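**Student:** Sequence:
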Amino acid sequence: MANVMSLAAPELRLQGLFLVIVWFCMAFSYHGLGVWFPDMIKYMQYEEYESKVRVFHRERVERFHFNFSLVNQIHREGEYIHDKFANIEIKSVKFEDSLFENCYFEDVRSTNTFFENCTFKNTMFYNTDLWQEKFKDCRLENTTFLHPKKGCHLNFQEENDIVIYMVSFLGSLAVLPGNIISALFMDKIGRIRIIGGSMLASSACTFLLLLSFSQGAVICWQCLFYAVNVAAWNGLEVISVELYPSSKRGTAFGILNGICKFAAIIASFIFAAFIGITKIIPIFLAFAALVCGGLVALKLPETREKILS
Numbered sequence: 001m002a003n004v005m006s007l008a009a010p011e012l013r014l015q016g017l018f019l020v021i022v023w024f025c026m027a028f029s030y031h032g033l034g035v036w037f038p039d040m041i042k043y044m045q046y047e048e049y050e051s052k053v054r055v056f057h058r059e060r061v062e063r064f065h066f067n068f069s070l071v072n073q074i075h076r077e078g079e080y081i082h083d084k085f086a087n088i089e090i091k092s093v094k095f096e097d098s099l100f101e102n103c104y105f106e107d108v109r110s111t112n113t114f115f116e117n118c119t120f121k122n123t124m125f126y127n128t129d130l131w132q133e134k135f136k137d138c139r140l141e142n143t144t145f146l147h148p149k150k151g152c153h154l155n156f157q158e159e160n161d162i163v164i165y166m167v168s169f170l171g172s173l174a175v176l177p178g179n180i181i182s183a184l185f186m187d188k189i190g191r192i193r194i195i196g197g198s199m200l201a202s203s204a205c206t207f208l209l210l211l212s213f214s215q216g217a218v219i220c221w222q223c224l225f226y227a228v229n230v231a232a233w234n235g236l237e238v239i240s241v242e243l244y245p246s247s248k249r250g251t252a253f254g255i256l257n258g259i260c261k262f263a264a265i266i267a268s269f270i271f272a273a274f275i276g277i278t279k280i281i282p283i284f285l286a287f288a289a290l291v292c293g294g295l296v297a298l299k300l301p302e303t304r305e306k307i308l309s
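For what it's worth, UniProt numbering labels the leading residue of the sequence shown as 1, then goes sequentially.
These are calculated hints, taken from the structure and not from any lab test. Please note: incorrect hints may appear among the correct ones.
[What the hints assert, rightly or not] Simulated crosslink set (BS3-like; lysine-lysine; CA at most 25 Å straight-line): (1) 149 with 94; (2) 188 with 91; (3) 188 with 299; (4) 52 with 42; (5) 149 with 134; (6) 261 with 299; (7) 52 with 121; (8) 136 with 84; (9) 261 with 248; (10) 84 with 149; (11) 94 with 134; (12) 150 with 188; (13) 94 with 150; (14) 150 with 134; (15) 150 with 136; (16) 94 with 42; (17) 134 with 91; (18) 299 with 279; (19) 248 with 279; (20) 52 with 134; (21) 42 with 91; (22) 91 with 121; (23) 91 with 149; (24) 134 with 42; (25) 136 with 94; (26) 149 with 121; (27) 299 with 248; (28) 279 with 261; (29) 84 with 94; (30) 149 with 136; (31) 52 with 91; (32) 134 with 84; (33) 42 with 248; (34) 121 with 84; (35) 279 with 52; (36) 121 with 136; (37) 84 with 150.
A quick note: this is a predicted structure, and the numbers were derived from the prediction, not measured.
Construct all of the structure, not just a fragment, from the sequences and the given hints.
**Tutor:** And the structure:
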């Protein structure tokens, strides 16, 4: 406790306050956008799916051979009589209140496909992955399932998750050039310029997200944001160590990391709450935090020439 109170000494008080502000602003913007980027990509995928869905109502298809893929469709109150579904993929398709009579399904692969309140009469499923859980409140009369497909099959949600993992991976990969550049120039241009310049440049990347209306644009700005922002993190960690004497260094760093975690928790809740509502507020909050933190960072003392005590 004495070590904690010693951080409020007159010679450490002001720089400690500045560090708290910079750490909080950095963590708030970085972790907030870290939650926002993948969730926003996921929401944009959902919006794209919803905008392109095709709806078929009360169609009657008789003695037809479906030998082409069915993608992103909703079929309501349809009648399928003596139809054959063979060697096709059915992806993101829903059949509602439909009748299948004397139909034959063979070698069908499905993703996010469901039958709700449907009736099947004299129908056979051979070598398909249409399992019981894909039939919700359906009536099956003289319907047979032979040789169902085995193994692991991805559903729509899991495919979306793979895309999200790829987005996160690209963001993590983007920090490599930022780490290299900050390591090369940390001693040449100083910690303060690295931190302030990186945070202000990151704020510009954040602001430009307002002009991004596609998944590709959001991913590009995400990668650029991470590449630029990581330099500020590196400089901040270095200067946080160099500003304090060895007797207080561990305590100070622990408190700053605690503040960082607190800011990350707050940001995660706030940024996630606005997904699907508006992107202006999260972007404005991140932009304001980065500008505020960057300007405050310029007030910190330069420690490039300082000898550690």
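**Student:** Each hint: holds or not?
**Tutor:** Right, here's what the structure says about each hint:
1. For a cut-off of 25 Å, the pair hint linking residue 149 to residue 94 stands: about 20 Å separates their Cα positions.
2. With a CA separation close to 55 Å, the supplied pair residue 188 and residue 91 exceeds the 25 Å bound.
3. Of the pairs offered as hints, the one joining residue 188 and residue 299 holds, with about 19 Å between alpha carbons and a cut-off of 25 Å not exceeded.
4. Of the pairs offered as hints, the one joining residue 52 and residue 42 holds, with about 16 Å between alpha carbons and a cut-off of 25 Å not exceeded.
5. At roughly 14 Å between alpha-carbon atoms, residue 149 and residue 134 fall within 25 Å of each other, so this suggested pair holds.
6. For the suggested pair residue 261 and residue 299, the alpha carbons sit about 24 Å apart, so the restraint of at most 25 Å is met.
7. For the hint linking residue 52 to residue 121, the alpha-carbon distance of about 31 Å lies beyond 25 Å, and the restraint is violated.
8. For the given pair, residue 136 sits about 22 Å from residue 84 by alpha-carbon distance, which is consistent with the 25 Å threshold.
9. The straight-line distance between the Cα atoms of residue 261 and residue 248 is roughly 20 Å, inside the 25 Å bound, and the hint therefore holds.
10. For the proposed pair residue 84 and residue 149, the alpha carbon gap of about 18 Å is at most 25 Å, so the pair holds.
11. Taken as a hint, the residue 94 and residue 134 pair is honoured in the structure, with Cα atoms around 10 Å apart against an allowance of 25 Å.
12. A threshold of 25 Å between alpha carbons decides the hint, and for residue 150 with residue 188 the separation of about 60 Å lies outside it, so the pair is violated.
13. With a CA separation close to 22 Å, the supplied pair residue 94 and residue 150 stays within the 25 Å bound.
14. Our distance criterion of 25 Å between C-alpha atoms is met by residue 150 and residue 134, whose separation comes to about 15 Å.
15. For the hint linking residue 150 to residue 136, the alpha-carbon distance of about 21 Å falls within 25 Å, and the restraint holds.
16. Proposed proximity of residue 94 and residue 42 is supported: the alpha carbons are some 21 Å apart, at most 25 Å.
17. In summary, the hint linking residue 134 to residue 91 is supported, as the alpha carbons are separated by about 13 Å, within the 25 Å threshold.
18. Restraint check: the Cα-Cα separation between residue 299 and residue 279 comes to about 31 Å, which exceeds 25 Å; the hinted pair is violated.
19. As the CA atoms of residue 248 and residue 279 are separated by approximately 41 Å, the hinted pair breaks the 25 Å bound.
20. Distance check on the hinted pair: residue 52 and residue 134 sit about 23 Å apart at the alpha-carbon level, within 25 Å; holds.
21. A C-alpha spacing of about 18 Å is found between residue 42 and residue 91, which places the hinted pair at or below 25 Å, so the restraint holds.
22. Restraint check for residue 91 and residue 121: the C-alpha separation of about 23 Å stays at or below 25 Å, so the hint holds.
23. A C-alpha spacing of about 16 Å is found between residue 91 and residue 149, which places the hinted pair at or below 25 Å, so the restraint holds.
24. The straight-line distance between the Cα atoms of residue 134 and residue 42 is roughly 23 Å, inside the 25 Å bound, and the hint therefore holds.
25. Proposed proximity of residue 136 and residue 94 is supported: the alpha carbons are some 11 Å apart, at most 25 Å.
26. Simply put, residue 149 and residue 121 have alpha-carbon atoms about 22 Å apart, close enough for the 25 Å limit, and the pair holds.
27. With a C-alpha separation of about 21 Å, the suggested pair residue 299 and residue 248 falls inside the 25 Å cut-off, and the hint holds.
28. Restraint check: the Cα-Cα separation between residue 279 and residue 261 comes to about 23 Å, which is no more than 25 Å; the hinted pair holds.
29. For the suggested pair residue 84 and residue 94, the alpha carbons sit about 18 Å apart, so the restraint of at most 25 Å is met.
30. For the hint linking residue 149 to residue 136, the alpha-carbon distance of about 20 Å falls within 25 Å, and the restraint holds.
31. Pair hint residue 52 plus residue 91 holds up; C-alpha atoms about 13 Å apart against a cutoff of 25 Å.
32. Restraint check for residue 134 and residue 84: the C-alpha separation of about 19 Å stays at or below 25 Å, so the hint holds.
33. Among the hinted pairs, residue 42 with residue 248 is inconsistent with the structure: their alpha-carbon atoms are about 44 Å apart, more than 25 Å.
34. For the suggested pair residue 121 and residue 84, the alpha carbons sit about 14 Å apart, so the restraint of at most 25 Å is met.
35. Between the alpha carbons of residue 279 and residue 52 the distance comes to roughly 22 Å, so the proposed pair stays at or under 25 Å and holds.
36. For the proposed pair residue 121 and residue 136, the alpha carbon gap of about 16 Å is at most 25 Å, so the pair holds.
37. Of the pairs offered as hints, the one joining residue 84 and residue 150 holds, with about 22 Å between alpha carbons and a cut-off of 25 Å not exceeded.
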